[in-house]
Amino acid sequence: MSVNLTLLAVMGALYACGIYLLLERSLTRVLLGLMLLANATNLLLLATGGYAGLAPLYAKDTPAQDYNDPLPQALILTSIVISFAVTAFMLGIIYRTWVLARQDEIQDDVEDLRVAETPSFDAEDDAEIPMETSEFPLTMLGSNGRSVSDHGPVAYQGTAEGIPASGGTVTAGAREIAATDAAAEEKPGSRNVNPGPEGGVK
Amino acid sequence: MNIASFAPLAVVLPILGAALTFVLIRHSRAQRTVSIALLSLTLGLECLLLASVWEGGTAAVNVGGWLPPWGIVMVVDQFSSLMLVVSSAVSLAVLVYATGQGMADGDQDAPVSIFHPTYLILVAGVSNAFLSGDLFNLYVGFEILLTASYVLMTLGGTGPRIRAGVTYVVVSVVSSVLFLISIAMVYGATGTVNMADLAIKLADLDEGTRTLLHVMLLVAFGIKAAVFPLSFWLPDSYPTAPAPVTAVFAGLLTKVGVYAMVRTETLLFPGDSLNTPLMVAALLTMVVGILGALAQSDIKRLLSFTLVSHIGYMVFGLAMSSAAGLGAAVFYVAHHITIQTSLFLVTGLIERRGGSSSVDRLAGLAKLSPLLALLFFVPAMNLAGIPPFSGFLGKVGLMQAGIELGTPLAYTLVIGGVLTSLLTLLAVARVWNRAFWREPSDADHPDAVLLAPRETSDTGRRGGRNNVTLLPRTMVGSTLGLVLLGVSLTVFAGPLFKVSDQAAQDMLDRSSYIQAVLGEETSVPLILTSGGGK
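Protein chains in written order, with this note's numbering: chain H, 279 to 480; chain R, 145 to 678.
One thing to keep in mind: the hints can contain errors.
[Claimed, not checked] Covered stretches of chain R (in silico footprint by chain H; criterion: 3 or more residues with CB under 8 Å from a CB of chain H, positions within the stretch not fixed):
(1) 276-290
(2) 308-319
(3) 325-335
(4) 438-447
It is worth saying that the hints were derived from the structure and are not from the lab. For each residue, glycine too, the CB sits at the ideal point set by N, CA and C.
Sequences are here, hints too, so could you generate the full structure?
Structure below.
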């Protein structure tokens, strides 16, 4: 198979410009880049057909190798139609972006940014004494009679906004208890509650 | 006259339906009837195709009477007919769901009249891709489904959808250009685009050219299938589309990419030349995808990440290029199409009932609508691979194949697969705990609909009036149907595994495919392996 060097050079230039434009943030340039890429690919398809020959219309006394290869041209036609449709659609989208945002640039994903900014600390999962979500008081008695969630005087040290570094409160049933007291609750000798006969709060 | 010669109807019927619904664009009731009827007809035909292929083996249809390798062929083998049946069943369920949503919302949110023709074109594109027996027709099938998906993705033209649509369109077009470049190179190297013919001619090429073509095709399909590191577009673009659209995209589009990868690996480039890079890609897809899912609070985004992650399982099965691995991968594809689609449909229902799809804002849904909780719980556990569901069976099949292979990399992948499964469980359990179990007062800015007092109804329904208005019967019914289909994959896992193992055997053997296309007396070249094979 032999190829046309000029066509190949043009193809290379089209690919280079297309890729450069594709990497821009402006949508119109991205579209131009895609169009260049599609056309460069059409040239590549054409190159696979080899040198130009006779039109592939059957004539009795022409030897087979004198004809042009028709298949790549059929493929190119299909690909032109497809890229035409996609270009029209892209133009519609770009216009719509302009109407909505008055900007010809790719917008950031709001949710993505939000997730990226979310601190790794999650009040519900990661608080040392979790925010109590059940109706039951939060401490358990360990086997040695001490509370399992005994973390010392400072109940939890949140870093995220909205979670106090100390002195937070915890809702147990209908009552609000300071987190430090909640941690101490149910321990023998606890200063704010008297354990009931079944271990619950009276 | 064999039933398999009606295979092109699987593409023609949806296109006919698209034309009819386009004519009926002002009559939404007629539109619904036509599209559902034609899609059911297609599904029935495809079930017959599966049965006929199961009895009579691979069949090829020469479209337009041109003989292969010159004309376009459509090939029905066990893998493609199984994919056709599963994809049509899923798209039918999603269509019913979408019509239910359209009726409930009175078409305000999206112009549903344009939805029906576009949706049927999408189904036609998917069927064409599954059936096509030559590379260029595969490209055309991809383009049909992609162009339809561009329209569906930006339905309604709201700000977020346009933003997501731009990314999606650009990435898809780039992957299509890459695919077209690979086709041009394949044609330049071999002078044919017929896949059966290529299977013979590619073996004669020298090693370097063959590897180049192989890698080009895999990269093009890898973008469509969302294999890491080519997967970043997916979680960015899927979640903003309407719920039924996201559901059908998640179920079908990436799987078409996986299907194309399977064909490339088994038919065009058999052997194990690129197995190591594929396995590494599979491991990274699984682990990176699921770690992304854990960071999300929006259920749709979380599910998109699990979608990426579970593509890794399929690539893993494919990369082993053993009958056991490939069979498990085929099973896993069928399982995952059903499960992932039903999860996205349920998320649509959650969004309607709870007013948001963010787990931070949802709470107490299990009490408000126990049926919704059940609909979420079953496919979620299935996705995470909890026994006895089909997700567990598929994963066990993959692990067994991996251990059978016994290389250190395969063991790493088995460990990675188990880890991913556990992390998937963690991700869906977090959704469950927050959206379904906690009290509504614990949510951040819960929607008013969550806090509304439960009306013990005048209609005698337990869920109260909100459940009736917010969860229309057609939407719940179609979701329930799909969830039941997912459960039936578990019940009928034995026969299904038999079909998928047989499909895998056929694909690895190649002779039935090649001889169905090119005639009985074609000799099939031996498979080249770089050692380690039998």
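Structure-based check of each hint:
Taking a C-beta to C-beta cut-off of 8 Å, the region 276-290 of chain R contributes 3 residues in contact with chain H, enough for the three needed, and the coverage statement holds. For the region 308-319 of chain R, the stated coverage by chain H holds: 8 residues have a C-beta nearer than 8 Å to a C-beta of that chain, and at least 3 were required. Residue count for the region 325-335 of chain R with a Cβ under 8 Å from a Cβ of chain H: 6. That meets the three needed, and the coverage hint holds. Here the region 438-447 of chain R counts 5 residues with a CB under 8 Å from a CB of chain H, which clears the bar of 3, and the coverage holds.
Going through the hint list in order, the structure satisfies each hint without exception.
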